[in-house]
Amino acid sequence: MGSQGGFGNSKEFLDLVKSIGEARSKAEEDRIVLHEIETLKRRIVEPDIPKRKMKEFIIRLVYVEMLGHDASFGYIHAVKMTHDDSLLLKRTGYLAVTLFLNEDHDLIILIVNTIQKDLKSDNYLVVCAALNAVCKLINEETIPAVLPQVVELLGHSKEAVRKKAIMALHRFYQRSPSSVTHLVSNFRKKLCDNDPGVMGATLCPLFDLIAVDANSYKDLVISFVSILKQVAERRLPKTYDYHQMPAPFIQIRLLKILALLGSGDRQASENMYTVVGDIFRKCDSTSNIGNAVLYECICCVSSIYPNPKLLEAAADVISRFLKSDSHNLKYMGIDALSRLIKISPEIAEQHQLAVIDCLEDPDDTLKRKTFELLYRMTKSSNVEVIVDRMIDYMISINDNHYKTEIASRCVELAEQFAPSNHWFIQTMNKVFEHAGDLVNIKVADNLMRLIAEGFGEDDDTADCQLRSSAVESYLRIIGEPKLPSAFLQVICWVLGEYGTAGGKYSASYITGKLCDVAEAHSSNDTVKAYAVTALMKVYAFEIAAGRKVDMLPECQSLIEELSASHSTDLQQRAYELQAVVTLDAHAVEIIMPSDASCEDIEVDKNLSFLDSYVERSLEQGAQPYIPENERSGMINISNFRSQDQHDTSTHTLRFEAYELPKTSAPPRISPVSLAPSTELVPVPEPSYPVEMHHVASVPSVSDTGSTELRLRLDGVQKKWGRPTYSSPASSSSDSTSHKAVNGVTQSDVSSTSTSRTRDSSYDSRSAQAEISSEKKKLAASLFGGPSKTEKRPSSTSHKVARSTSPAVEKSQGPKAVASSTTGVVSEKAAPLQQPPDLLDLGEPTVTSSASSVDPFKQLEGLLDPTQATSAANHGAVDNTKAADIMSMYSEFPPSGQSSVIANPFTTNAGDANLIPGLSTTNKTGHAKGPNPRDALEKDALVRQMGVTPMSQNPNLFKDLLG
Amino acid sequence: MIRAVIVMNTQGKPRLTKFYDYMPPEKQQELIRRVFGVLCSRAENVSNFVEADSVFGPDTRLVYKHYATLYFVFVFDSSENELAMLDLIQVLVETLDKCFKNVCELDIVFNYSKLHTILDEIIFGGQVLETSSAEVMKAVEEISRLSLSLCFCWKQPQILSHLSLSPFLVGEVDSMHE
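Protein chains in written order, with my numbering: chain Y, 1092 to 2053; chain H, 2 to 179.
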């Protein structure tokens, strides 16, 4: 029996396979395999194992690993086996290592030598085995070790070897193009090999090369065309026929190459017309492989310079595909159609019905392909139907990956072709409602931007309509459960910005809704932050309009709750809201101008408005600000942090009796002496020092502190001065020294802002933000020394809490922002920050949700050079203009075609499933029937060997090929 | 390029797996599980193609064919043609059938290494090497025969020589590059 010859296995192995096959559960299987691993581990190291036995062990290892268990203990034995002289063992060894090892595995180095030797072997089968291993195991570094031998094999007398050598070179090219660039000419040469198989193999690397740089291979167009012609004319030996097709795989590869070479090149394309036309005519459309070649022809035709006759032939084939009963052919037809409509859009028209059928088909693959086609043929005239369909489909599927994709396509199409603003908003609502957490957060920004800016026209009434329709739809949706976070953010923002704008809804109604949102999503800080800011806006607009503000009781309780929130961001927003509500109309209007989300915010980066204050303070004996370059780094932040953490532990619970001395040890000395410069590396952002400078300047001015302490620190600095500080590290060292100088006795604001800024450079930011007040206290206590620890913290937190509202009052206009940045967590910055975010098309990473989470991102954004934002603004303007034009087009009456397209959607929905129950049988193997006698014999034999077949049906492949 | 060949039975047990880019065993298991999940959810009379980018990354698709108790799955990227891959499965199965005479799942399980040999003759480093099952059979038989006679340097007769006697097909190309 052929199945055993040369590949025979012992009863042990068969028993293993059998018991695994009969395992009832995964656990049972695992137990068997683990037992097998134990056996192998024990036996494989026994001395003097016969080679045949060893071979079987290796096969069993491979089998075990295929079942998902670790067989790494046996890798070395597989490697050893590749050294064996016997071909059988060598092949087994190579098989095992190619399956076990990756190209970077440590053991590879032990194989390279063997491979080198084997590549030179007299026996071509050994060479083939080695080439096979080369493909899998040789990485960039080991390529040079085997490259000369592989190149030499290109001239081997056996075509099988030549073929494999070419493919090995191809593999090298894929892995590291630079290592074989000098050998590219070899591929060209091998194209002329005596053996058609070798020529066919050469097409693989050439395809890759041409895909990268078609121009260098234009000279080969004639050769490729002539090869294809000869293949199509059956000038190849009969052995290359496959199902009566002459070398179809070679034809397919050639057509792919021609498609690349002819793309956008009229002259090259003209050379191809005849041969492609011939293939269209000659190709056998009844066999699977014939259709594969035909499909490739269509791809080629749609890629090269268009030729009417070929396009016609392609359209014919497509309609045959689409009319076919086979789902596979329909799939290919849809795919081909989506390629061809780029060149001749009118072709889609005649296939509408077929396309609709495919859309309704139960086959998911076909459906998706059809959606892809629709996506490609979307115009402003049919966008509504297509996007509606897509959304329906999106709702119906569970696969998140595809849901995300289709959602982003919906958004893209809606943004590009939206016929009306109202429709756009409705569509976006649906997308957000059903896939809100899957879509890119940028989409939410875009939506808010669109609502804020309108479509860029001067027509204010249209914009107002847009906004009020948005507000209305959101008020309708807002009560629904399980809305995605991103969508809620949009809703809150829009309600805050425009909820009361039309005068249709009262402030108390809107605020009530916003409170509901915040309550319903109490675990989502971002949504709550949006809701609170929206509340503030609504109240601010009320005040500015001269109406009296009556805060709802639920709103009041919400604010109170949030002002004690763990999230400093929420706390800040709550305090801000409370502060804003107490202001008079004039002040509010300046802080929070109505509908100004798109306006630029001017930032006085020099903080010049503080000059008089600085002077006054100096006159009163305050310490002058020391520029950062004069302050050299003193104490490493991270050391302080670690010190802080020690403190935390000592403050709370001490488990170790002798930890105490560490806290009481002078903090100024140990950190300095410990400070390794490497710890400064994490904070090298270039913009950082500038920012620090500004933030720091204020506190230093407001300094009222003790010179004594500063002097002491200075002394330390000199004593422990570190000339090793390199410039990239300066930013953090500056902040450090600043902290050292100012932090202890001066404005708490400085210390907190420093620590917060510092926090922002760490990933675990959000977690730290929550405990930052704790840290502030600890930092203060650390700087102030043990004696002051008790008093400092309380004053700190008070001051922090209050510091913001005076800042807001004091500052005028846009400067409010700048001044409030000096506050700890600038509430002001959060709401006003949004406009630049929305406009900032160039930076997808800066998103509004992120900004609300991370106040310091906002600070950076505000202090950024203004060009950045203005550039982004230009982008935004261009974009909206483009959208404009689109929308203008969309106003045009729908063209004839589009209405035809659109109608079937509604009328033919019932036509689905015309072709249920059609099988995709392959017609090629009909001649071969099952042979029951053979099967029974085999079954008997297997049973003799003690193996029961694992299925009731011994003739498992009865319907094979049938 | 072909990324992977997976043969598994209808219970999801892998019978043969070959990944042409290295995958750690755990990852392989996960992929096999997910592929099985996808295949299970497919109805009877639908196409043999599935877009696989959620399993194997962007620009991948898979073609599968269901024979008796086995699924044959080829995973590949856009540089291959779906219908052609379907035929390649056919080539593999035809070859197995010739090799084992009415192949069944048991043959595949018990002749694990032979299966790898056959596959290596059809697909090499992720590229289609040979599509004629007769040629594959010849090569495999050659290997079996030589392996049995443990003399590795035995010079074998030119059994396959008729191939190189075939008329030289690309003469025009040759002359062009002289």
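Derived from the structure by calculation, the hints contain no laboratory data.
No residue lacks a Cβ here, since even glycine has one placed at the ideal position from N, Cα and C.
It cannot be assumed that every hint is accurate.
As the list claims (entries may be wrong) - Going by beta-carbon spacing under 10 Å, a handful of chain H positions derived as facing chain Y:
#1 Met24
#2 Val51
#3 Asp54
#4 Thr61
#5 Glu136
#6 Ser148
To be verified - Cut-off 27 Å, straight-line C-alpha distance, at most; resulting in silico cross-link-like pairs (DSS-like, lysine-lysine):
#7 Y:Lys1208 <-> H:Lys99
#8 H:Lys139 <-> H:Lys66
#9 Y:Lys1208 <-> Y:Lys1142
#10 Y:Lys1211 <-> Y:Lys1249
#11 Y:Lys1211 <-> Y:Lys1320
#12 Y:Lys1458 <-> Y:Lys1470
#13 Y:Lys1117 <-> H:Lys66
#14 Y:Lys1414 <-> H:Lys102
#15 H:Lys139 <-> Y:Lys1329
#16 H:Lys139 <-> Y:Lys1211
#17 Y:Lys1494 <-> H:Lys28
#18 H:Lys102 <-> Y:Lys1102
#19 Y:Lys1521 <-> Y:Lys1533
#20 Y:Lys1309 <-> Y:Lys1329
#21 Y:Lys1470 <-> Y:Lys1533
#22 Y:Lys1132 <-> H:Lys28
#23 H:Lys139 <-> Y:Lys1249
#24 Y:Lys1329 <-> H:Lys102
#25 Y:Lys1433 <-> Y:Lys1470
#26 Y:Lys1414 <-> Y:Lys1329
#27 H:Lys99 <-> Y:Lys1102
#28 H:Lys28 <-> Y:Lys1117
#29 Y:Lys1171 <-> Y:Lys1208
#30 Y:Lys1249 <-> H:Lys99
#31 Y:Lys1280 <-> Y:Lys1211
#32 Y:Lys1458 <-> Y:Lys1521
#33 Y:Lys1470 <-> Y:Lys1494
#34 Y:Lys1458 <-> H:Lys102
#35 H:Lys99 <-> Y:Lys1329
(message) Name the hints, by number, that the structure is in violation of.
(response) The structure conflicts with hints 4, 7, 11, 14, 20, 26, 34, although it agrees with all the remaining ones.
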